[in-house]
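*Asks:* What follows is the residue order along each chain.
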Amino acid sequence: MGEFVMPSLGADMDAGTLTEWLKHPGDAIKRGDVIAVVETQKGAIEIEAFEEGVLDRPLVELGTKVPVGTPLAFIRTAGAPAPSPVPSEIKLPETPATKPVAPPIAVSVAPPAIGRRVSPAARKIAAEHGLSLEGLKGTGPGGAIISTDLPQAARAAEPRAAKKPGIDLGEMRKAIAAAMARSKREIPHYYLSHPIDLTTAQQWLADINAGREPPERILLAALLSKAVALALHAFPEMNGFYQDGAFRPSRPIHLGTAIAIRGGGLVAPAIRDADTLTLDGLMAALRDLVARTRAGRLRSSELFDPTITVSSLGERGVERLYGVIYPPQVAIIGFGTPAPLPRVVDGKVEPRLMMTATLAADHRVSDGHRGALFLLEIERRLQQPDTL
Amino acid sequence: MNEIAPARIKTTYREAVRAAIRDALTADPKAFLMGEDVGHYGGCYAVSKGLLAEFGPERIRDTPLSESAFVGAGIGAALNGMRPIVEVMTVNFSLLALDQILNNAATLLHMSGGQFNVPLVIRMATGAGRQLAAQHSHSLEGWYAHIPGLKVLAPATIEDARGMLLGALKDPNPVLIFEHVMLYNMEGEIAADAGAVETGKAAIRRPGRDVTLITYGGSLAKAMAAAETLAKERIEAEVIDLRTLRPLDTATIIGSVARTRRAVVVDEGWKTGSLAAEVTATIMEQAFWELDAPVARVCSAEVPIPYPRHLEQAALPQPESIAAAARATLGR
Amino acid sequence: MTREDIRTAVLEGLSNIAPETDPTSIGDAADLREALDIDSMDFLNFVIALHKRLQVAIPEVDYPKLLTIGGAVDYLDAKLA
Amino acid sequence: MTDPAIKPHLTREHVAELLRQMVRIRRFEEKCVELYQREKIRGFLHVYIGEEAIAVGIMQALAPADTVIATYREHGHAIARGVPMTTLMAEMYGKQEGCSRGRGGSMHVFDAKTRFYGGNAIVGGGLPLAVGTALADAMQKRPSVTACFFGEGAAAEGEFHESMNLAALWKLPVLFVCENNLYAMGTALALSESETDIHHKAESYRMPAEVVDGMDVVAVEAAARKAVVAIRAGAGPHFVECRTYRFRGHSMFDSELYRDKAEVERWKPHGPIERFGAWLRQNDILHEAAFQAIETEVAAEVEAAVAFAEAGTWEPVADLTKHVTLEPES
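Going down the list, the protein sequences come from chains G, F, S and D. Under our numbering, the first residue of the first sequence carries the number 1, and numbering increases by one thereafter. Under our numbering, the first residue of the second sequence carries the number 1, and numbering increases by one thereafter. Under our numbering, the first residue of the third sequence carries the number 1, and numbering increases by one thereafter. Under our numbering, the first residue of the fourth sequence carries the number 1, and numbering increases by one thereafter.
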């Protein structure tokens, strides 16, 4: 009894589909008889038997694709009894014994250790920081000292962090110069400013943060951004692009957030869809954006996305800033440094935490009246921090 | 009844190349396919099977075994307004046409002072693994990557097999596409509307922070397998598929190596004077001070590819040898 | 944990948020915000790092105590004692 | 000079030998086809079935000091030239007992003892080599001939024309044997050549050229003897175009989309073994017992070859980079 198997017709044939039997069970088979047709990637090929006998029951149904070596039928010796009705289970072919597994090619990366090895990266960092390599244990190839074997302080300063792939400070300065020059040349700015009382908001934030671990705490900047984003719903003329002589408002609100780069320079990547984020979500986005900006990992799209820009001076700054609109945007909000100031509340002078908000907007698109209402709306929102 | 077309379809690398040729010939009446046994036989690797019936013998053009003549004719037709796709059965036979490729296709634009460009695509099979021995198994794409004036592509995925030809046909220069013989049977899913892909950029097929494996074509799957093995040992390998061998996307290579500080270059060509040597030298020139280990290369053994399977496999880069090289860069 | 360990933690925390500076070069009493040009986000990250590394609670009201290296070491030392 | 016998002497022994050689090739390759499908033989396998008369006929005219260069469809030439079936089969398997140490496989059969300079898997690749081996013989005033086999597909290659010209120009002792089986892989002759009478191409290089029925072993032998005598006499290269037909696909993996099954069937009765056998029977030259004896003997030889190959060993992987360059002799 022999097996008639799916033949291997080419080194690049892994499997075939049985499409036709040219002989039938019970037919006598001679060596060289064509008994079936198999469809391959090269088309239909007739396949032949290499033994004499009688074709037994087929083991594979027509139309089935099977790997090379799969039995398709038994060929029984003429006169021999038919096999038991249950054919042995069809086994997928194992890797033929003629295919020894190749042992890996020996690869020697490091030559045998001679003296003290220090990787180029470790050498560079050590030289820049005047570090001694004495006493360091090397964990690299052949015991070489590598960058991660150096003290943490030096590694923190290694070029990976400082070099900022993606942001070239010189190029950035040029880009800022071009954009700002264009802005001042083309955009008729008007400016408004308004003092905003942050006492309530600040207190609300302190209460929230008191119950939170540091990683969950929220910064005032996030609160301010959220107020701007929500206020924009009523002032579509502040959100969008002025291009080709016309203003196109943007439905999504992508807040360009000015982030100073250590060592100079400024970028304002977008917090996308800021109005739809929860305060925690917005804080998370802000942290992510700052971290990636500092690491030089911004996506270029993030720099072109913003539909309006917000610039906060933060804790260490001055009372107010007059922004320059980033074209083709049409407005920029500035927040000065909050400071305790005397203020009249219900007829009495009280110390309050005050912050000056400014708006620079494009007079081709909006006018001072609408701008003023926009600042007032931001103020109103900040008085109800629990709604932000 | 509303039926939504499936977003993805099952296909093979071979069918993807065929579909791309079909698209190209359908979209541009000036495009045609020419080469040995592309028509009646259906293509040595069955890539063009069925296209003769679809497009006829004018556009699916069987040629005599005259590599120099039909590649040269492709160059001439391209010069004179056609958009030929020339199939050379394997890179081994392309040596008979090397004169035309190097001395004409690659140089005419320059020699004519920019007057005559050669918008020609040449496809050929490359690589070992089918026990075809020393005259049918070599990976010579690195030689072509040496030649200014040519673009050299190596699709390693079904998406790239589907899309690179169309990208190449938009290029006004001679573009060589190397299809590794072991990839033709590769099955997978691609978007039903897959089409042209960008060329010229390498792809990070797997991100990682510990070591960069740089490879292309038939070795990509081996590098990915090595990366899987390494992941189990808590070594995160980044795998770069070069995709375009000329011009090399050095920015992606250097960016990755600057992060991982280690590189293993995997190339089925022989090590001496290889594309791997070019990549390694580029890393030395541009990222030397970022390195924490010598750059390693895993290439084919310095021997014409032998016929017996065990020797053939031993001659080629393997996932085990790639993983071993990666470990060594980490001092393990 | 010794004061020296705490000091190391503070310095490393600072060099991580301001990698191009050398925190060891500024005095113990200098205002970090001025000396290292760090903003509220940087400061928050500094607090987060100390919190993670030393496992101490640092309420927001205590932030002013961390504004100098000396103050931070004293504060954390007291917390860890 | 001993009798160079321009005409074949059709003794009983000689015709039996011609038949036996053709049967040896046929049965060997039939076994290879089977072994290929069982994955004992890998790579590409191109069989010569239907074309045996050419190799057998031509080899009759060659002496041991002559040189043979063939194609990737060269098992028949190797057998007819005297490469043992055992080492040939071991080569098919890739075992180190093979005639090329297993490094070459089916397409790269080499055997120094019989001056068999190889199968060559590049179409046309062998012709310049033949010009060179003949040049060496001529320069060393040796009376040897190089027999160079190639298919009609090679006539499209530049190397064919360059070699024809050089051999004729320098009057080199080459016997060019074109095995015209009508298809270059899957491309019919008429679809690839403007001049389908290949021998005319040789004539244009001022080389004596002749067409013979490649299915007739005696006709091939006669043409070869005549040409070889002339070549040895210094008449320069000769060209023999043998018209033949390949009964099986180009390689194992060929669905033969380019030709009709009926066409193959029409050719089969004209096969060299079939025709020669019928002629021998008709004229009562060989008895049935002699046919049987040949079959029995060849079957045993093929079995022994398979056993030899099966018993063969794999070259150790440690030897991988051997045989790449030779050390200069000290």
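I should point out that these hints are in silico values taken from the structure, not numbers from a laboratory. Treat the hints with care, as some may be off.
For lysine-lysine, the following DSS-like pairs were computed, each having C-alpha atoms within a straight-line distance of at most 30 Å [to be verified]:
#1 Lys40/D - Lys201/D
#2 Lys226/D - Lys40/D
#3 Lys271/F - Lys137/G
#4 Lys201/D - Lys113/D
#5 Lys79/S - Lys52/S
#6 Lys23/G - Lys261/D
#7 Lys322/D - Lys23/G
#8 Lys40/D - Lys141/D
#9 Lys79/S - Lys232/F
#10 Lys10/F - Lys65/G
#11 Lys271/F - Lys322/D
#12 Lys271/F - Lys30/F
#13 Lys201/F - Lys170/F
#14 Lys201/D - Lys141/D
#15 Lys40/D - Lys30/G
#16 Lys261/D - Lys226/D
#17 Lys30/G - Lys261/D
#18 Lys137/G - Lys52/S
#19 Lys65/G - Lys7/D
#20 Lys40/D - Lys23/G
#21 Lys171/D - Lys226/D
#22 Lys201/D - Lys226/D
#23 Lys322/D - Lys30/G
#24 Lys7/D - Lys113/D
#25 Lys261/D - Lys7/D
#26 Lys271/F - Lys174/G
#27 Lys261/D - Lys65/G
Okay, the calculated beta carbon distance ranges per label pair [claimed, not checked]:
#28 Gly273/F - Asp319/D: 54 to 62 Å
#29 Arg3/S - Glu216/G: 51 to 59 Å
#30 Ala233/D - Gly273/F: 25 to 33 Å
#31 Arg38/D - Gly56/F: 34 to 42 Å
#32 Leu373/G - Glu189/F: 48 to 56 Å
#33 Gly281/G - Pro64/S: 26 to 34 Å
#34 Gly63/G - Leu326/D: 54 to 62 Å
#35 Glu274/D - Gly56/F: 52 to 60 Å
#36 Leu326/D - Gln115/F: 25 to 33 Å
#37 Ala178/G - Ser112/F: 53 to 61 Å
#38 Leu67/S - Ala181/G: 23 to 31 Å
Owing to the predicted nature of the structure, the values given are computational and were not obtained by experimental measurement. The beta-carbon is built from N, C-alpha and C at its ideal position, and this holds for glycine as well.
*Asks:* Hints first: check each against the structure and report whether it holds.
*Replies:* Going down the list of hints, with the structure as the test:
| no. | hint | in the structure |
| --- | --- | --- |
| 1 | Lys40/D - Lys201/D | 41 Å, violated |
| 2 | Lys226/D - Lys40/D | 41 Å, violated |
| 3 | Lys271/F - Lys137/G | 33 Å, violated |
| 4 | Lys201/D - Lys113/D | 34 Å, violated |
| 5 | Lys79/S - Lys52/S | 14 Å, holds |
| 6 | Lys23/G - Lys261/D | 18 Å, holds |
| 7 | Lys322/D - Lys23/G | 49 Å, violated |
| 8 | Lys40/D - Lys141/D | 45 Å, violated |
| 9 | Lys79/S - Lys232/F | 41 Å, violated |
| 10 | Lys10/F - Lys65/G | 15 Å, holds |
| 11 | Lys271/F - Lys322/D | 17 Å, holds |
| 12 | Lys271/F - Lys30/F | 40 Å, violated |
| 13 | Lys201/F - Lys170/F | 16 Å, holds |
| 14 | Lys201/D - Lys141/D | 28 Å, holds |
| 15 | Lys40/D - Lys30/G | 22 Å, holds |
| 16 | Lys261/D - Lys226/D | 37 Å, violated |
| 17 | Lys30/G - Lys261/D | 20 Å, holds |
| 18 | Lys137/G - Lys52/S | 27 Å, holds |
| 19 | Lys65/G - Lys7/D | 56 Å, violated |
| 20 | Lys40/D - Lys23/G | 26 Å, holds |
| 21 | Lys171/D - Lys226/D | 17 Å, holds |
| 22 | Lys201/D - Lys226/D | 20 Å, holds |
| 23 | Lys322/D - Lys30/G | 45 Å, violated |
| 24 | Lys7/D - Lys113/D | 27 Å, holds |
| 25 | Lys261/D - Lys7/D | 37 Å, violated |
| 26 | Lys271/F - Lys174/G | 44 Å, violated |
| 27 | Lys261/D - Lys65/G | 25 Å, holds |
| 28 | Gly273/F - Asp319/D: 54 to 62 Å | 24 Å, violated |
| 29 | Arg3/S - Glu216/G: 51 to 59 Å | 29 Å, violated |
| 30 | Ala233/D - Gly273/F: 25 to 33 Å | 49 Å, violated |
| 31 | Arg38/D - Gly56/F: 34 to 42 Å | 40 Å, holds |
| 32 | Leu373/G - Glu189/F: 48 to 56 Å | 54 Å, holds |
| 33 | Gly281/G - Pro64/S: 26 to 34 Å | 29 Å, holds |
| 34 | Gly63/G - Leu326/D: 54 to 62 Å | 55 Å, holds |
| 35 | Glu274/D - Gly56/F: 52 to 60 Å | 39 Å, violated |
| 36 | Leu326/D - Gln115/F: 25 to 33 Å | 50 Å, violated |
| 37 | Ala178/G - Ser112/F: 53 to 61 Å | 39 Å, violated |
| 38 | Leu67/S - Ala181/G: 23 to 31 Å | 39 Å, violated |
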